[in-house]
Amino acid sequence: MVLLQQVISGLSIGSVYALVALGYTMVYGIVQLINFAHGDIIMVGSYAVFFAINQLGAPFWLAILASMLFCAAIGVLMEKVAYKPLRNPPSRRALAFAAGLIAFMLLLMFVISIAIALMAALCVCVAALFLTKRIGWSPKGGAPRISALITAIGVSLFLQNIFMLAFSPDPKPFPSVMEGTLKYGGRYSISYGALATMAISVGLMAALSIFISRTKMGRAMRAVSEDAGAAVLMGVNVNSTISATFAIGSALAAVGGALYSASYPQIDPFMGSQFGLKAFIAAVLGGIGVVPGAMLGGFAMGVAESLTKAVDSRWSDAVVFLILIIVLLFKPSGVLGKNTKEKV
Amino acid sequence: MEEIRKKHFRSFAINFLLLAALYAIFLASFKSGILNNYYQGLICYMLINIMLTVSLNLTTGFLGQLPLGHAGFMAVGAYASGIFTKTVLLPPAVSLALALAISSLMAFACGIAIGVPALRLKGDYLAIITLGFGEIIRNVILNLKITGGTSYRGIPQHAGFTSIFWITAACVYIISALISSRHGRAILSIREDEIAAEACGINTTFYKLFAFSLSAAAAGAAGALYASYQTVLTPASFTYNQSIEMTIMVVLGGMGSITGSIASAAVLTLLPAFLSDLAKYRMLIYSILLIVIMIFKPAGLLGSREFSMRRLIAKLRRREAN
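Quick note, the sequences are listed as chains W and V, same order.
To convert, note that position 184 of the first sequence is 450 in our numbering; the numbers rise steadily by one, no gaps.
To convert, note that position 66 of the second sequence is 370 in our numbering; the numbers rise steadily by one, no gaps.
There's no promise every hint is true.
To be verified - Computed footprint of chain V on chain W, listed as stretches where at least three residues anywhere in the stretch have a Cβ under 8 Å from a Cβ of chain V:
{"#": "1", "region": "284 to 292"}
{"#": "2", "region": "350 to 356"}
{"#": "3", "region": "542 to 554"}
{"#": "4", "region": "559 to 573"}
{"#": "5", "region": "587 to 600"}
No wet-lab data here; the hints were simulated from the structure.
On a predicted model such as this, the values are computed, not experimentally measured, just so you know.
Beta carbons are placed, not taken as given, at the ideal position from N, Cα and C, and that holds for glycine.
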């Protein structure tokens with residue numbers, strides 16, 4: 267019976283892993299990028315829910331909806347600002363803008379007055395535009411693969427640090443939103459929180475499956491992940507499809523974050539990295555780029571972790587990585603993944 | 305052939321003399337008290353960082369893979385050498401040499417164990433698997449008895465400025481000699497195009513594994529120096545953020561430039577020490593730097609350019625002749 271109890275709690279946390287893993291796998295399927303910042307979107311979502319409940323007094327469901335919208339916006343912004351310039355070379359104007367922005371932020375730290383910093387930043391902006399024109403420099407496109415990965419790490423680090431500066435690194439207690447337990451079979455019980463987590467996650471996954479298989483946007487996503495070049499020729503707007511993927515993935519991560527924080531009632535700016543890593547491993551386990559694989563991987567991961575926790579909680583993280591290594595050794599494409607032949 | 309050998313010897317001699325001069329200047333300023341103990345510690349720390357950055361550049365810049373657990377390899381080396389020098393009592397020089405050998409071998413073995421599953425595959429699995437390794441190794445250190453939990457004290461201080469300086473120099477020399485050798489060209493060709501390299505008959509898996517494990521071994525040696533200099537080890541000094549900081553040093557200097565790595569490791573170690581007001585914003589600034597550099601100059605500030613003293617002298621001579 268203890269085993270059953272552990273399996274149920276594993277399925278509950280596993281459904282959250284699955285939600286987050288979906289975001290990883292969708293983004294990877296469409297742009298072949300491990301979005302390291304996806305884990306931190308969980309953290310952003312949790313903070314959004316925290317603020318909606320504590321400051322605005324919103325009910326939990328409304329807070330989750332708001333946080334989904336907020337995270338979707340952050341996800342799209344992240345894609346547009348950081349990842350898109352890697353695919354399509356940025357203009358000189360973008361460079362000048364970035365230089366101005368950095369100058370502005372650096373100056374804000376030293377100079378008290380915003381007006382002076384703004385003026386100086388404008389000067390930097392103009393100077394950058396002028397200089398690049400003068401020497402005839404423009405950014406080149408076609409950044410190597412490793413650049414995208416480093417950018418993703420940069421975005422993740424940025425989110426963590428901006429939240430740390432804004433809300434201090436100390437953990438904050440998350441309001442208890444789902445209380446009470448359901449008793450069954452005499453001595454055993456299951457919390458309503460775990461039940462609700464599973465119900466919400468499974469519902470969202472079903473909705474996502476229908477979205478991907480039935481709607482026009484879903485078909486566009488499948489087309490782009492199959493062959494982006496051919497999709498463009500068929501009239502698919504690749505950029506907006508990628509944005510939609512980031513938006514949906516981030517919204518799911520927001521729900522995942524809210525549900526996770528509700529059952530482990532504490533949030534801090536670094537909560538996303540460990541959790542995100544496990545969710546990523548879940549995605550690899552199921553087959554990265556395969557949507558049903560992420561769901562399966564998430565549940566398997568949750569159960570495996572919950573069972574090892576029952577034996578010795580100190581080594582549960584190590585077991586998770588052991589799973590990753592075993593998968594990579596024996597079936598690198600994941601349980602549901604297809605083996606693809608590489609073409610020159 | 306004779307000409308090339310002569311050229312190599314000349315450039316080696318010039319660099320060696322330059323290093324010796326640099327060493328003499330540092331030593332003189334420590335002895336005369338121009339630079340006090342605090343600065344001596346800072347410079348030793350900078351040298352260790354140079355060693356770490358150059359070794360990481362071997363994987364990130366020259367091989368084109370992204371490991372995120374370099375601090376983990378450093379931790380393996382540091383604890384291996386710390387435990388060895390504390391338990392086996394030998395004369396300092398012998399002990400340090402053995403500790404360096406043991407710790408780099410341990411890190412090398414860890415590199416192979418991690419590289420085999422990750423590097424056989426195409427794609428970014430190395431990043432994830434090394435990230436996991438870095439976290440696990442810290443977990444293991446915290447939970448094992450032999451590593452002393454939250455802090456491991458009482459390591460004899462065998463490494464001083466002299467040994468750190470020359471070992472760093474040797475490490476940088478070995479890596480740059482490797483890069484300009486035939487094996488180095490094989491590694492570079494994998495970065496440029498893995499399929500083409502394979503078609504040319506290069507054993508890509510072997511060279512990927514070789515470069516990655518070698519960089520892990522160098523990180524282990526750097527860890528050994530760190531342990532023998534600091535005398536106290538805590539798992540908290542080998543976190544993910546540490547690995548990221550090394551990556552930033554590589555990226556900023558230039559992926560594929562040893563000169564760039566040395567310069568950026570020196571600047572990014574010394575600058576925060578003088579700008580302590582900005583300590584709070586350091587990681588934030590780094591993260592923005594990473595994104596901006598990747599968008600506008602993906603190969604890093606110096607790209608793959610190298611500075612060569614011999615070339616500079618030749619240029620100056622030519623100018624004089626004109």
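Are there at least three residues in the region 559 to 573 of chain W whose beta carbon sits under 8 Å from a beta carbon of chain V? Three-residue rule not met by the region 559 to 573 of chain W, so violated; n is 0.
Count the residues of the region 350 to 356 of chain W whose CB lies closer than 8 Å to any CB of chain V, then report whether that count reaches three. With 3 residues in contact (Cβ-Cβ under 8 Å with chain V), the coverage given for the region 350 to 356 of chain W holds.
With a C-beta cutoff of 8 Å, work out whether three or more residues of the region 542 to 554 of chain W approach chain V closely enough for the coverage to hold. holds (count 4)
Are 3 or more residues of the region 587 to 600 of chain W near chain V, judged by a Cβ distance of less than 8 Å? Our answer is that it holds, as 6 residues pass the Cβ test (under 8 Å) against chain V, meeting three.
Under a C-beta cut-off of less than 8 Å, do 3 or more residues of the region 284 to 292 of chain W approach chain V closely enough to confirm the stated coverage? violated (count 0)
Of the numbered hints given earlier, the model fails hints 1 and 4; all others are met.
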